[in-house]
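Participant: Spelled out from the first residue to the last, the chains are:
Protein chains: 2
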Amino acid sequence: MAAELTAHQLIAQHRPTLDHALETIRTRAYWSPHPEHPKAYGENGSLGMAEGKAAFDALLGTRLDLGQPGTDDWVGGEVSPYGIDLGVTYPHADIDTLLPAMRAGQRAWRDAGAEMRAVVCLEILKRISDRTHEFAHAVMHTSGQAFMMAFQAGGPHAQDRGLEAVAYAYVEQVRTPDNAEWTKPQGKRDPLALTKQFTPVPRGIALVIGCNTFPTWNGYPGLFASLATGNAVLVKPHPRAVLPLALTVQVARQVLAEAGFDPNLVALAAERPEEGIAKTLAVRPEIRIIDYTGSTAFGDWLENNARQAQVYTEKSGVNTVIVESTDNYKGMLSNLAFSLSLYSGQMCTTPQNLLIPRDGVRTEEGHKSYDEVVSDLAKSVAGLLGDDARANALLGAIVNPDVKARLEAAAGLGEVALPSQEISNPEFPDAVVRTPLIVKLDGARKYWERADDEAAYMSECFGPVSFAVAVDSVADAVELLRRTVRDKGAMTVGAYTTDTEVEQAVQEACLEEAAQLSLNLTGGVYVNQTAAFSDFHGSGGNPAANSALCDGAFVANRFRVVEVRREA
Amino acid sequence: MAAELTAHQLIAQHRPTLDHALETIRTRAYWSPHPEHPKAYGENGSLGMAEGKAAFDALLGTRLDLGQPGTDDWVGGEVSPYGIDLGVTYPHADIDTLLPAMRAGQRAWRDAGAEMRAVVCLEILKRISDRTHEFAHAVMHTSGQAFMMAFQAGGPHAQDRGLEAVAYAYVEQVRTPDNAEWTKPQGKRDPLALTKQFTPVPRGIALVIGCNTFPTWNGYPGLFASLATGNAVLVKPHPRAVLPLALTVQVARQVLAEAGFDPNLVALAAERPEEGIAKTLAVRPEIRIIDYTGSTAFGDWLENNARQAQVYTEKSGVNTVIVESTDNYKGMLSNLAFSLSLYSGQMCTTPQNLLIPRDGVRTEEGHKSYDEVVSDLAKSVAGLLGDDARANALLGAIVNPDVKARLEAAAGLGEVALPSQEISNPEFPDAVVRTPLIVKLDGARKYWERADDEAAYMSECFGPVSFAVAVDSVADAVELLRRTVRDKGAMTVGAYTTDTEVEQAVQEACLEEAAQLSLNLTGGVYVNQTAAFSDFHGSGGNPAANSALCDGAFVANRFRVVEVRREA
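Each protein sequence line maps, in turn, to chains Z and B.
Everything in the first sequence is counted per full-length UniProt numbering, starting at 1 for the first residue and increasing by one.
Everything in the second sequence is counted per full-length UniProt numbering, starting at 1 for the first residue and increasing by one.
Check the hints yourself; a few may be wrong.
Said to hold, decoys possible - Here are the computed lysine to aspartate or glutamate pairs in the EDC-like style, where the Cα-Cα straight-line distance is at most 20 Å:
hint	chain 1	residue 1	chain 2	residue 2
1	B	Lys-330	Z	Glu-567
2	Z	Lys-184	B	Glu-23
3	B	Lys-330	Z	Asp-190
What the hints contain is simulated information worked out from the structure, not anything from laboratory work.
With the hints as constraints, model all of the structure from the sequences given.
Facilitator: This is the structure we're talking about:
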């Protein structure tokens, strides 16, 4: 069978993009090949706004047949957080048939080499990019993100993270040459001479366990890192967010086949309600790599039980912002208000604990008491979300009933500084839309005297809930930050201070506890956003995640190098 | 306190060596800055042969005071496999005092940056290199290696592996720049602009658990990889092989202090007989990295129990050589004879199972039956070791009574093709010196019908024991190779064949099971030897070891990168 996509074509088309990615992960300057603006699509083969919506609508109520071997049933049942019943069904696999089939194509994929694998991955990303509008609806109607966020985070930003992983995977594999000549002098005798071949070999089948809130953004790094390093990849989506990853698998299978590889190198493992196949798959001997985003409980279970696999987890944490002083009070408030509101706080990077000295904060407008700061922040959030259209565009929908229940319970944890409000969504009346709740808690140094408060701020309360925690001093804030990161983990830390000593103290705490720090953000960059090729997402050095997106450690152990040496 | 060694001096002196190492891990050509010949030492500050011996002799019966905090006792008791009672005592640490003291200097070490850490490590290696003759005796009289092997493997080759680890650690840390400017266009609005700082941060305290047979060679990669990435390093030597690593710790502490760092960044954890402190140390929360070489049982225990740490293990395996055909029969036999004899087979890389077709082997001298091949190999070994002086120089001494007992028991496992013989060592009459044993076993396809044989060749029999396993066909040999690597692991695989198809089949088995393959070695390179900067030691992809010396994966997770970003 002649491949429709030749290596020559693929390399000619994608090598410049790969090279740009390789350069950018070294400079960490801004770059993206994936446009962020919806209007940038619709030409050169990409779907425009209306076409993307039509493509999504055409998927509803259909059976997504991926042509996978071992399909023994069709399963589905996704209901959009916006109220739409997606009605899409997916192949349910007999894993004893599917897993062996996935291994059949691995030798050819391994022998294709690192560059070919990289450009095939880039072709997959290009096809996904062309369908960004379609994916945006799929992400929106599974995660509950508002359209623009689903478009950007689920589209170009996710594609960027996938490309970043391909770049890291490529460079890691080509650090060692394919061949070497080794000649060791032996004084007057003939030298010893060997020829050596080095081949990156995959570990086996990689399992990607997707999450509900960012199926593509959190799924692509592991998927592409594993595929680019020669592994087959089985994608097990969250049962509420199957469609974006099922479409991804579909595209990958098409591209693999067109490039002359076995499409079964990428497959989907959809499941029946309550089937819980992740636990079964995770301990199969064929599964040698696992990427997981989700709860700490299951992440810990995977780390402890899937011992035959390399396990990369992003679990949960408690993110802190220290507010000590600022020279841009309004900028600080509006920046924080946006961070708390974006996607109703349903990001692993959203600040939860705002540590504010009990005796207040210095600002360019003068001293502000703890109560003033909290009330001004509440007003800033209320102002940001005062217009329903804007509120809907920022908040999106509550992703599932658990988040809603947690939000409702959180109002009882302390004095409510900003109550959560219902927002109606005229386009999707069934959507559950809620504004952020801010609760005041006491972060006393003698925290055991305020045990209920401590229990609240030392637990992750995923959703639109944050705690304005009054601390006895900025030193206490730094100490509480350290303790929180060490015990609970953190994906992000923020701080506002104009004091060099405080800045140093916070920075030192973050260096020692391995947490990523954003300082004095008052403009259009938010603590909960990271940019591929430049920012690390997580550190891999605190309990929130055992790996970072993306670095050498994220890719280096997904393959091994086998050496064959002969006398020259 | 002014440092005696400035950054400027150290960089000027060692940067060229570091750069050469960085280049060589990319080309994988031959290179070493550490001379292999004993006569190369004795000038430019290095100890010559007599000086090294005198320095070693002066250590005997002394207390090696490293000036470590928390020293609560002095422990020792090493007896050389050559019969000398070393009589050296070492500090025994109260770990509740020592571990906190080791953390005190970590901030300054972290802030020194990757280049300074690298050149301090190179200065440590330079001082060790200058004392190679002294270290050679220390390695000889703990491992039982013959002097020349102790000199080379324990000296320059170990130093090479340490330098290689420093090079990998350095390049991994500087992949991400210290600083970056990030400017994202916003159409007609002002761009978003951030400045970002990236800092490699250590994980904590690293624990190196040394082995009896190669204390420096197997200890240096982990020690230097961890130190170069900013971690403090606690060295827990094997109780029978303390001295080489204690001297290493001593040198490291001196250099650290002279360079203005806290010497407690490197410390020794010697133990009382049967104290078993590795188990206690391995699960301490301060210990975040563990490097281990030794038994599979304890390696598995570490992997399963030291969950707070990154664990790098080299355990045991069963190494195979397939003998199918050759165009250099004598060269093959003498190469294999040397491999089986070197250090009495007490290398993790020594071949154990020689798989030979039951119906014989094609050679340039015509067909050789299985019996002929085995008997010719036995003769080749006997010839190689026929002279006692040469035998002593190759074999060294049996490292401990367990190996001797295992050797004696192995003679009962099957028909003995070559009995093990005692060799007397005139210089060290108490040394236990033994020639290799070769036992014939049946590797029948229906192995369950020869269960005793299968039990023998499917277990590691560490020491001078190898099995000539008769197989029904070369396809069976390849299948047995696969099964052995998959189930038991292998550090090395060898094969002799002139048949392209057989070569391809063996190579494919090694690629799929991730084993390092040496093909048709008939000259002065042996399957059990690997060269730093060029050969990988182990693959990290089969049960013999979870990591390879040395690659990106060996260093990338010993540190994390913390980012601090601010608006520009």
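Participant: Give a verdict on every hint.
Facilitator: The hints, checked one at a time:
{"no.": "1", "hint": "B:Lys-330 <-> Z:Glu-567", "result": "holds, 16 Å"}
{"no.": "2", "hint": "Z:Lys-184 <-> B:Glu-23", "result": "holds, 17 Å"}
{"no.": "3", "hint": "B:Lys-330 <-> Z:Asp-190", "result": "holds, 19 Å"}
Violation of the numbered hints given earlier is absent; every hint is satisfied by the structure.
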